[in-house]
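Student: Residue numbers (this note's numbering), protein chains in the order written: chain U, 1 to 512; chain W, 513 to 1024.
Heads up, a few of these hints could be off.
What the hints assert, rightly or not - Selected chain U positions facing chain W (Cβ under 10 angstroms, derived; list incomplete):
id : residue
1  : A20
2  : R28
3  : M31
4  : T45
5  : L221
6  : T229
Because the hints were derived from the structure by calculation, they are not lab data. The C-beta atom is built at its ideal place from N, Cα and C for all residues, glycine as well.
2 protein chains.
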Amino acid sequence: MSYSEFLGQMGTVNDLLSSASLLSWDARTMMPSGAVEVRGQQIATLMTLARTTLLSDETLRLLEKAERSTRDLAEDSAERRALEQTRYAIEMHKRIPAALQAERVAVREVSRAAWAKARAEDRFEDFAPYLEKVVNIARQVADAIGYEAHPYDALLSLFEPGETVVSLNKLFGRLREAMLPVLRAIQQKPQLRWDFLERDYPEQQQRDFGLQMAEVFGYDLRRGRLDTTIHPFEISFTREDVRITTRYKRNYLPASLFGTLHEAGHALYEQGVDPAYTRTPLATDMPGMYAVGGVSYGAHESQSRLWENHIGRSKAFWDLHYPALKAHFPDQLSDIDVSAFHRAVNRVEPGLIRVEADELTYDFHIIFRTEIERDLIDGSLKVKDLPERWNAEVKKDLGLDVPNNRLGVLQDTHWSTGQIGTFCNYTIGNVMAAQLYKTAVTVDSNIEPALSEGNYAPLRHWLQQEIYQHGRRFSRDELLVKSTGRTLDPEPYIEYLTGKYTSLYELGALKP
Amino acid sequence: MSYSEFLGQMGTVNDLLSSASLLSWDARTMMPSGAVEVRGQQIATLMTLARTTLLSDETLRLLEKAERSTRDLAEDSAERRALEQTRYAIEMHKRIPAALQAERVAVREVSRAAWAKARAEDRFEDFAPYLEKVVNIARQVADAIGYEAHPYDALLSLFEPGETVVSLNKLFGRLREAMLPVLRAIQQKPQLRWDFLERDYPEQQQRDFGLQMAEVFGYDLRRGRLDTTIHPFEISFTREDVRITTRYKRNYLPASLFGTLHEAGHALYEQGVDPAYTRTPLATDMPGMYAVGGVSYGAHESQSRLWENHIGRSKAFWDLHYPALKAHFPDQLSDIDVSAFHRAVNRVEPGLIRVEADELTYDFHIIFRTEIERDLIDGSLKVKDLPERWNAEVKKDLGLDVPNNRLGVLQDTHWSTGQIGTFCNYTIGNVMAAQLYKTAVTVDSNIEPALSEGNYAPLRHWLQQEIYQHGRRFSRDELLVKSTGRTLDPEPYIEYLTGKYTSLYELGALKP
């Protein structure tokens, strides 16, 4: 009874956050352009009320009462974990002073606008003063949250609880050490053919095929929908309403194709959360509650990467579904067989733009961004020196010259909106995806044969049992230990990439 | 300063209500079906918080402070009117006990479901017990609000402030007296040809033409959009985001065509509100604040009817735009000239279904529904006797036999959701539209010549000045007196209908 009273209060918080999410989805898919300003005020009002409700005396009273009444339950029971996460969220929100939070929100708006203008005009110097403010605020946030070794650790805790400068340094070091030789070896080989991916692919057929594949994976359209946007995303307003978005490039098929599969992977996670967690602190997607120490952004990314890459870029997948793709694009793909298509969508080619990167080079983009963030936060890198550092990093691993800042340091929106500490999630998602996938096909010998017959239910079932159903109940490493027997481990990912590219590019033995 | 503090507080209320409206729009246009239940909870949370905020001590404190500081402003200044409306809204919300309000909401949900099922199965007796509850609650609401002469007056005050059983009786009596002879005269004449309206009209072209005409009227798509729904509506989340919806019948062109023009008329009103009123109590569309004694539902309806009927069904309009319609449907309309088309969309034919009624018979549907509501509320009509009464009313004026309750008393959703007291708004909208239109073309002699050239700006400008810009600042009758010199007056409407049908059906002199 005490616990259900507590859930009633958290239901209000959850409804406010979910409503704010819907306003945000609408702003990015449906809203007429003239409404931007007032929509910002509406979202701010909902977020403020959610915060006020969370931090109210009433919530605290109900929380304490529920804590007393659940004292005898297991430490990792859903009830105790929901209470623990709420307490942690309150603590985190209280640590950040209201004035700092207000400044953070205010700066974000002007900074994003300044970044968009600076990027359009290729004028980093116009954005620099705003970025200095953003970095300065992020430092104050780090101080307010607190940390032991490095201020960046405090920011990491908001997105990827448990990771630190030290742990990431070790992880990234191992990845770079293992992946650079693969990249260098590939660069000695002739490039795989992929010109046909740039033929004319009408949007409607791209949409139809992508959505068909999302449904084949198990994405439930009675509880979801697919729309068009500029920067694709998945968003949920409870497990009963989990929406995905994509963007179409008429002359580049992979953009929407793998984008849709990626977002569908995120969506399978949200749609699979235990129905009992609806409107509770254990529902996974709680914007504005990010300080809750539940499942990490990287864990969420692991599900998008798993379905996009381990399934969507596999030979088994295309052996099954390439005929359907050809049926959607009979003229465009008439001269291309399935092997050529599979090679093309897996080709490796260092490029300047992160969001266009292949599987092998993607993590290099992440690693140097994370290191740059760390150095900005501890002051060892000055904003004014950022372009020079960026360009040197791109040269070092990817071997490319950055011709201008639009294609360099100004390409990502993250920093302009104060998102510092979240690039690492992408790589952690890649690592975790490989670790989970390897375990799944090992522990359940039915999974791989089923995949080669186009039956995705056994894999989905394993993920449902091990990951999806739990929502935010367990931490990322708890989930990993329970399902794979170990915490985050880069070796399955390295093994996956090395094996894949050795075969695709006929690399032979690699120098360690 | 006190006043702007007050506006800050009301901005929060407005944001919550606008967010609830967006959730509602989404539920009716975009939402996957599985999300119905949780969406209901989310909307309920937002509405509850809006009510709590409105009725809080803080709102009262700010209201009183702002009232003191604006004491020297004119009684009809925007400031004083916003304060007055807020006080009235608080008063109304306080009069309805929380328990009654909760029961009202709870009954609404089950009652609507019961109605939908009863309608599908043509079983009025299954719906009757729910309708009895609804009527009983409406009576309690009327008692809580208070009234002088008749309990129905209290319900009318929620939708059409100022109207009473007595005033409506007078208005409806005059309309029936004037319009029945027109209807009887038409029924002696051969029917106008309209079979071609039921040809095959593909949806996309219907949408394109309808939206093009909405834009021609002045609907601004940078601050709006058109979507598809089951029961069309206009909804706004501030003047910067005013959306319309329509439905397409492939084999009946007028449904979406006039539906879109109708909703565009509502939208012009919302888009024209003074920008200074954004997020204040003077913004027109404030769901859940209906008890505010500002502009009435009928006043809003006057704008949809004005654009739909006085413009959209006029010969001048079709002389200009029929070629564009034919360009969208070259095969379907190849053998039909503009006069035939204009006559077809204005034909009169008594029917069983209100939403399909023509301009002349529509009000008969409204009049008997309003009288039935009145009698249900004062107890002189029992729910069990409703079908018999309904069928007798349809027979009396429209001369039709009702073959079953699906085509009779079960056709409208209003009563199932507790909306009692709002049917009269449609007829008041018709009356007010004619009164405004006649005044507009009389006082500004440029309007009619401009209309015949397809220039809608002078008419829109007059409406903007007299109606739109004021939002909820003035009452319906204040607006009417300021713009037309008199309160609601049925004579221009009677004159309009009589003139129109005399010409279309070549009626000659009518017996009074």
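Student: With a cut-off of 10 angstroms, does the beta carbon of U:A20 approach a beta carbon of chain W closely enough for the hint to hold?
Tutor: holds, 8 angstroms
Student: Identify whether the interface hint at U:T45 stands, where standing means a beta carbon of chain W within less than 10 angstroms of its own.
Tutor: Hint holds; U:T45 Cβ to chain W Cβ min 4 angstroms, cut 10 angstroms.
Student: So, as I understand it, the hint says U:M31 touches chain W; can you test that by seeing if any CB pair is closer than 10 angstroms?
Tutor: Since chain W brings a Cβ to about 6 angstroms from U:M31, closer than 10 angstroms, the hint holds.
Student: Holds or violated: the hint that U:L221 contacts chain W, with Cβ atoms closer than 10 angstroms.
Tutor: For U:L221, the interface hint holds, since the closest Cβ of chain W sits about 7 angstroms away, which is under 10 angstroms.
Student: Tell me if U:R28 is really an interface residue toward chain W, meaning its C-beta lies closer than 10 angstroms to one of theirs.
Tutor: Violated - the Cβ of U:R28 stays beyond 10 angstroms from chain W, reaching only about 13 angstroms at its closest.
Student: Hey, does the U:T229 contact hint survive, CB to chain W under 10 angstroms?
Tutor: violated, 14 angstroms
Comparing the model with each numbered hint stated earlier shows that hints 2 and 6 do not hold.
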